[in-house]
Amino acid sequence: MSLDQSRIRNFCIIAHIDHGKSTLADRIIEKTGLLTSREMQDQVLDNMELERERGITIKSQAVRTIYRARDGKEYIFNLIDTPGHVDFNYEVSRSLAACDGAILVVDAAQGIEAQTMANVYLALDHDLEVFPVINKIDLPSADPQRVIDEIEDVIGIEAQDAPQISAKQGINIEEVLEQIVTKLPPPSGDPKAPLKALIFDSLYDSYRGVIVFCRIKEGTVRKGTRLRFMATGAEFETVEVGYFGAGQFIPCDELSAGMVGYVTASIKNVRDTRVGDTVTDADNPCDEPLPGYKKVTPMVYCGLYPADGAKYNDLRDALEKLQLNDASLQFEPETSAALGFGFRCGFLGLLHLEIIQERLEREYGLDLVTTAPGVVYRVHKTNGEMVELTNPSNLPDPSEIEYMEEPIVKAEIMVTTEFIGAIMGLCQERRGVYIGTEYMEDTRVLIRYDLPLNEIIYDFFDALKSRSRGYASFDYELKGYEQSDLVKLDILINKETVDALSFIVHADTAYERGRKMCERLKEEIPRHLFEIPIQAAIGNRIIARETVKAMRKDVLAKCYGGDITRKRKLLEKQKEGKKRMRQVGSVEIPQKAFMSVLKLDDK
Amino acid sequence: MMKETELYIHIPFCARKCGYCDFVSFPAGQNVQKAYVQALLKELETAPEGLPVPTVFIGGGTPSIIDPLFIGELLSLARRRFQLLPEAEITLEANPGTLTAEKLEAYRRAGVNRLSIGLQSARDEELRVLGRIHSFADFKESFSMAREAGFENISVDLMAALPFQTEESFEESLAAALRLSPEHLSVYSLIIEEGTPFYEMYHEKALAREQGREDTWPLPTEETERRMYRLAGRRLPEAGYARYEISNYARPGFACRHNIGYWTGVPYLGFGLSASSYFEGKRFSNTADMKAYLPAFEEEGAPSRIRTVEEVVTRERAMEEFMFLGLRMTEGVSGAEFSRRFGRAMEEIYEKPLARMEAEGLLSRRDGRVSLTERGVDLSNYVLAEFLLD
Chain A
0 MSLDQSRIRN
10 FCIIAHIDHG
20 KSTLADRIIE
30 KTGLLTSREM
40 QDQVLDNMEL
50 ERERGITIKS
60 QAVRTIYRAR
70 DGKEYIFNLI
80 DTPGHVDFNY
90 EVSRSLAACD
100 GAILVVDAAQ
110 GIEAQTMANV
120 YLALDHDLEV
130 FPVINKIDLP
140 SADPQRVIDE
150 IEDVIGIEAQ
160 DAPQISAKQG
170 INIEEVLEQI
180 VTKLPPPSGD
190 PKAPLKALIF
200 DSLYDSYRGV
210 IVFCRIKEGT
220 VRKGTRLRFM
230 ATGAEFETVE
240 VGYFGAGQFI
250 PCDELSAGMV
260 GYVTASIKNV
270 RDTRVGDTVT
280 DADNPCDEPL
290 PGYKKVTPMV
300 YCGLYPADGA
310 KYNDLRDALE
320 KLQLNDASLQ
330 FEPETSAALG
340 FGFRCGFLGL
350 LHLEIIQERL
360 EREYGLDLVT
370 TAPGVVYRVH
380 KTNGEMVELT
390 NPSNLPDPSE
400 IEYMEEPIVK
410 AEIMVTTEFI
420 GAIMGLCQER
430 RGVYIGTEYM
440 EDTRVLIRYD
450 LPLNEIIYDF
460 FDALKSRSRG
470 YASFDYELKG
480 YEQSDLVKLD
490 ILINKETVDA
500 LSFIVHADTA
510 YERGRKMCER
520 LKEEIPRHLF
530 EIPIQAAIGN
540 RIIARETVKA
550 MRKDVLAKCY
560 GGDITRKRKL
570 LEKQKEGKKR
580 MRQVGSVEIP
590 QKAFMSVLKL
600 DDK
Chain B
0 MMKETELYIH
10 IPFCARKCGY
20 CDFVSFPAGQ
30 NVQKAYVQAL
40 LKELETAPEG
50 LPVPTVFIGG
60 GTPSIIDPLF
70 IGELLSLARR
80 RFQLLPEAEI
90 TLEANPGTLT
100 AEKLEAYRRA
110 GVNRLSIGLQ
120 SARDEELRVL
130 GRIHSFADFK
140 ESFSMAREAG
150 FENISVDLMA
160 ALPFQTEESF
170 EESLAAALRL
180 SPEHLSVYSL
190 IIEEGTPFYE
200 MYHEKALARE
210 QGREDTWPLP
220 TEETERRMYR
230 LAGRRLPEAG
240 YARYEISNYA
250 RPGFACRHNI
260 GYWTGVPYLG
270 FGLSASSYFE
280 GKRFSNTADM
290 KAYLPAFEEE
300 GAPSRIRTVE
310 EVVTRERAME
320 EFMFLGLRMT
330 EGVSGAEFSR
340 RFGRAMEEIY
350 EKPLARMEAE
360 GLLSRRDGRV
370 SLTERGVDLS
380 NYVLAEFLLD
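If you read the protein sequences in the order shown, they are chains A and B.
For the first sequence, numbering that gives the first Met the number 0 assigns the number 602 to the last residue and increments by one with no breaks.
For the second sequence, numbering that gives the first Met the number 0 assigns the number 389 to the last residue and increments by one with no breaks.
Don't read these hints as lab results, they were simulated from the structure.
Since this is a predicted model, take the numbers as computed values, not measurements.
Some hints here could point you the wrong way.
Taking lysine-lysine and the BS3-like style, the derived pairs with C-alpha atoms no more than 25 Å apart in a straight line are [to be verified]:
| # | chain 1 | residue 1 | chain 2 | residue 2 |
| --- | --- | --- | --- | --- |
| 1 | B | 290 | A | 572 |
| 2 | A | 552 | B | 204 |
| 3 | B | 204 | A | 548 |
| 4 | A | 310 | A | 267 |
| 5 | B | 2 | B | 41 |
| 6 | A | 310 | A | 515 |
| 7 | B | 41 | A | 574 |
| 8 | A | 568 | A | 552 |
| 9 | A | 494 | A | 515 |
| 10 | B | 2 | A | 515 |
| 11 | B | 139 | A | 568 |
| 12 | A | 572 | A | 552 |
| 13 | A | 568 | B | 281 |
| 14 | B | 281 | B | 41 |
| 15 | A | 552 | B | 281 |
| 16 | B | 281 | B | 2 |
| 17 | B | 281 | A | 574 |
| 18 | A | 577 | B | 351 |
| 19 | A | 515 | A | 464 |
| 20 | A | 548 | A | 577 |
| 21 | A | 380 | A | 267 |
| 22 | B | 204 | A | 521 |
| 23 | A | 572 | B | 281 |
| 24 | A | 591 | A | 568 |
| 25 | B | 41 | B | 290 |
| 26 | B | 351 | A | 578 |
| 27 | A | 310 | A | 591 |
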């Protein structure tokens with residue numbers, strides 16, 4: 000393969016969720032002849048089962064294709080797909096670091112949304128060239144010219160000659176391909192310089208060990224090159240280098256400056272390769288590592304426990320494997336009196352949490368119990384010490400606490416003017432501090448609020464959608480910590496505190512929250528042979544109480560004729576239900592009760 | 000030697016579907032009824048010949064709705080094909096409002112020697128709410144016609160926990176049934192099953208409660224239902240009917256042998272739509288789709304086409320069934336019988352559940368037998384589920 004860098008384009012596609020990023024990626028792959036359309040399964044790049052089901056991109060994916068441009072020359076396209084959800088900004092940032100340019104996809108009907116802007120700013124932060132594409136022009140409500148004007152006004156990038164396309168219908172894709180060649184820059188870097196490659200992703204393969212996805216910034220790597228991972232100091236001999244076909248790895252002789260590809264080196268320990276780290280040649284090392292990524296700190300924590308205590312080690316192995324290509328996932332062992340041995344895990348947001356939980360259950364066959372997610376609080380103690388609290392159970396005694404702080408985010412909500420009142424009402428309810436409103440055009444506004452993170456992690460996004468009939472879009476970033484009047488709410492079941500149900504809440508909402516939790520738990524906990532009090536308490540003060548009455552009757556009078564199988568199934572269901580319970584003292588609590596307390600605001 | 004095998008024949012027709020009924024049953028015209036009986040006869044001919052048969056149960060639906068000649072045809076074919084034992088118990092389910100002296104006479108001639116008549120309640124308002132087609136007066140008339148026709152073994156079905164029912168009205172129904180002195184009584188509590196009109200009503204009711212609207216469909220509470228159950232448990236034995244199973248009472252010698260067969264692991268063959276069988280160590284059931292059933296016996300290999308094998312009763316499953324079916328009986332299960340059948344002691348296999356359930360006051364162990372206590376009966380599902388092995 001020619002090393003002519005001018006024939007390489009490394010780019011990604013950025014967009015607000017649902018604006019058609021993955022569909023455009025599919026078209027690009029199809030039109031560049033890597034796959035015939037018969038081989039195309041929709042959304043080639045979204046290859047996790049979960050991604051296909053939810054129709055969203057979670058993990059970054061890369062693919063290399065070849066395009067013969069109108070100038071008659073062949074270009075290598077390295078397309079790196081990026082996730083669109085606000086929870087996955089970190090992944091976006093990783094993908095961007097491997098690219099030189101970005102295609103900005105904007106929906107011709109919806110126009111710019113909160114994450115459109117957030118993603119564009121991220122791309123500009125990474126010094127990427129960006130050109131816009133107006134997608135979904137086939138929609139009846141499409142208004143491309145309005146969207147073009149909006150892009151120029153609001154974002155300030157040239158958009159008059161933006162390709163107007165329908166990725167779904169395959170309209171005007173050629174124009175996008177041409178602009179990739181003409182508008183995005185080729186990579187630079189010296190193939191003869193000491194090796195300097197950025198790890199932007201990795202994957203564990205049980206035969207080849209860790210497969211490291213990298214962008215070569217300087218130098219060349221080939222089979223036999225002795226690799227050094229600069230952050231960890233680990234060294235390995237390169238076994239194979241190659242690039243990404245659609246869903247497959249294609250070995251090649253070497254990867255040189257400007258190229259995107261993968262490296263394997265029989266790396267068995269997933270901890271040796273850190274996404275964001277720089278790889279160099281141990282025999283001819285570069286002076287200093289690449290800047291890497293801004294380290295992302297998890298915003299949301301919860302406890303993950305194997306339903307079957309014997310699966311603790313399996314859970315740890317699974318978390319390690321997932322962490323390999325999801326550096327934002329953090330975990331450390333913890334113990335709960337109610338749930339046994341498990342892990343306190345940190346996530347970027349609630350969607351991230353749900354995705355990880357589902358992947359653990361599906362891909363690793365684990366049955367999990369999840370405790371209520373919380374944010375990281377800062378506890379300032381009277382002795383001057385500051386503790387970062389990720390598990391409510393570790394809250395020091397109130398007498399030792401000087402004050403507490405909670406994380407506050409800067410939130411931007413974009414919505415049509417008719418919903419301003421509803422959205423502001425919601426933000427006020429969630430203890431938001433109004434910052435300002437900015438009119439984007441006559442009918443749309445950007446509302447800015449500072450909101451406590453713990454008010455938005457559960458269901459804020461759903462509430463936002465329902466109060467704006469689906470129109471509001473939302474983005475946020477951490478602003479910092481502010482002092483707040485916080486208390487720990489404990490739940491007592493049959494007079495025993497269940498540590499896994501404790502959480503931190505603002506004093507003003509503690510009573511309401513405690514009451515709702517008791518009500519919800521009353522619904523979830525089945526009747527026992529004895530009466531079970533459920534209480535919510537702050538310290539020694541009980542603030543709410545419900546009672547699960549003793550079971551009086553559980554009888555199946557009919558025998559359904561000779562249909563014994565039906566009867567057996569009923570009994571099996573009953574027994575199965577019992578298996579999914581956690582014994583806390585003398586009470587059996589269904590596993591889903593631990594999760595159900597999150598959904599208090601439903602209805 | 001061939002094992003004694005019970006026969007069940009399903010007649011899926013009724014005059015009108017009751018609001019709580021989730022059995023396979025529906026109104027149908029003469030032609031469908033006739034075609035169905037033809038298919039039934041053909042299905043009977045697919046069964047192994049010469050089986051010794053201790054009991055036959057013709058259930059429904061309302062078997063008394065079809066032409067009584069059909070009942071005669073079915074039973075005479077059964078007699079030719081199998082070895083009906085002397086003293087075989089031959090039951091037919093009947094509903095008031097569908098019985099006539101002529102029909103009853105025809106049943107007698109066909110060999111039916113036991114009738115099970117659905118009364119459900121002696122209060123006409125309650126019967127109407129259930130969607131029954133008969134009044135209490137109709138029932139009394141049917142019952143006396145049955146006696147006149149010579150039936151000396153009649154069972155009456157009653158229901159507890161009906162909408163609008165009170166303890167008083169339930170007690171009245173019990174007393175009214177007792178005045179007729181049937182040989183056998185079944186007292187079932189209403190179960191609201193998914194897919195029935197009552198299920199809809201039940202949800203509507205919950206909705207009304209949530210929205211603070213008036214509840215126009217009062218159902219007795221669990222507590223009331225249990226009081227009704229206990230009331231039956233006192234009144235019927237006082238009148239000479241012993242409770243031999245969770246919901247069944249009989250005068251000495253009149254317990255339903257067919258049903259006891261279900262609970263004690265006797266094999267049975269079920270014929271007709273949706274009928275269940277337990278034969279040669281397998282449990283299977285027929286299709287519930289009339290369109291599939293009717294033409295199925297025109298060709299070879301029919302039974303396997305319309306049957307779904309639901310489970311193979313392994314030794315382990317047989318142990319489980321021994322417990323969860325046997326414990327429905329008042330006399331409970333016998334440790335000696337368990338050892339004889341399975342070669343292992345019940346106390347060994349079920350050490351933990353037996354100990355725990357006994358400690359919780361739900362099981363009693365006496366004279367080598369294990370049975371449900373009164374509280375154990377109230378919580379029978381909870382107890383029985385414990386006997387499923389891991």
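For each hint, the structure was consulted:
{"no.": "1", "hint": "B:290 with A:572", "result": "31 Å, violated"}
{"no.": "2", "hint": "A:552 with B:204", "result": "21 Å, holds"}
{"no.": "3", "hint": "B:204 with A:548", "result": "21 Å, holds"}
{"no.": "4", "hint": "A:310 with A:267", "result": "22 Å, holds"}
{"no.": "5", "hint": "B:2 with B:41", "result": "23 Å, holds"}
{"no.": "6", "hint": "A:310 with A:515", "result": "32 Å, violated"}
{"no.": "7", "hint": "B:41 with A:574", "result": "40 Å, violated"}
{"no.": "8", "hint": "A:568 with A:552", "result": "19 Å, holds"}
{"no.": "9", "hint": "A:494 with A:515", "result": "18 Å, holds"}
{"no.": "10", "hint": "B:2 with A:515", "result": "60 Å, violated"}
{"no.": "11", "hint": "B:139 with A:568", "result": "38 Å, violated"}
{"no.": "12", "hint": "A:572 with A:552", "result": "17 Å, holds"}
{"no.": "13", "hint": "A:568 with B:281", "result": "16 Å, holds"}
{"no.": "14", "hint": "B:281 with B:41", "result": "22 Å, holds"}
{"no.": "15", "hint": "A:552 with B:281", "result": "32 Å, violated"}
{"no.": "16", "hint": "B:281 with B:2", "result": "14 Å, holds"}
{"no.": "17", "hint": "B:281 with A:574", "result": "23 Å, holds"}
{"no.": "18", "hint": "A:577 with B:351", "result": "16 Å, holds"}
{"no.": "19", "hint": "A:515 with A:464", "result": "23 Å, holds"}
{"no.": "20", "hint": "A:548 with A:577", "result": "18 Å, holds"}
{"no.": "21", "hint": "A:380 with A:267", "result": "43 Å, violated"}
{"no.": "22", "hint": "B:204 with A:521", "result": "21 Å, holds"}
{"no.": "23", "hint": "A:572 with B:281", "result": "21 Å, holds"}
{"no.": "24", "hint": "A:591 with A:568", "result": "22 Å, holds"}
{"no.": "25", "hint": "B:41 with B:290", "result": "16 Å, holds"}
{"no.": "26", "hint": "B:351 with A:578", "result": "16 Å, holds"}
{"no.": "27", "hint": "A:310 with A:591", "result": "18 Å, holds"}
Hint check: violations occur at hints 1, 6, 7, 10, 11, 15, 21; the rest are consistent with the structure.
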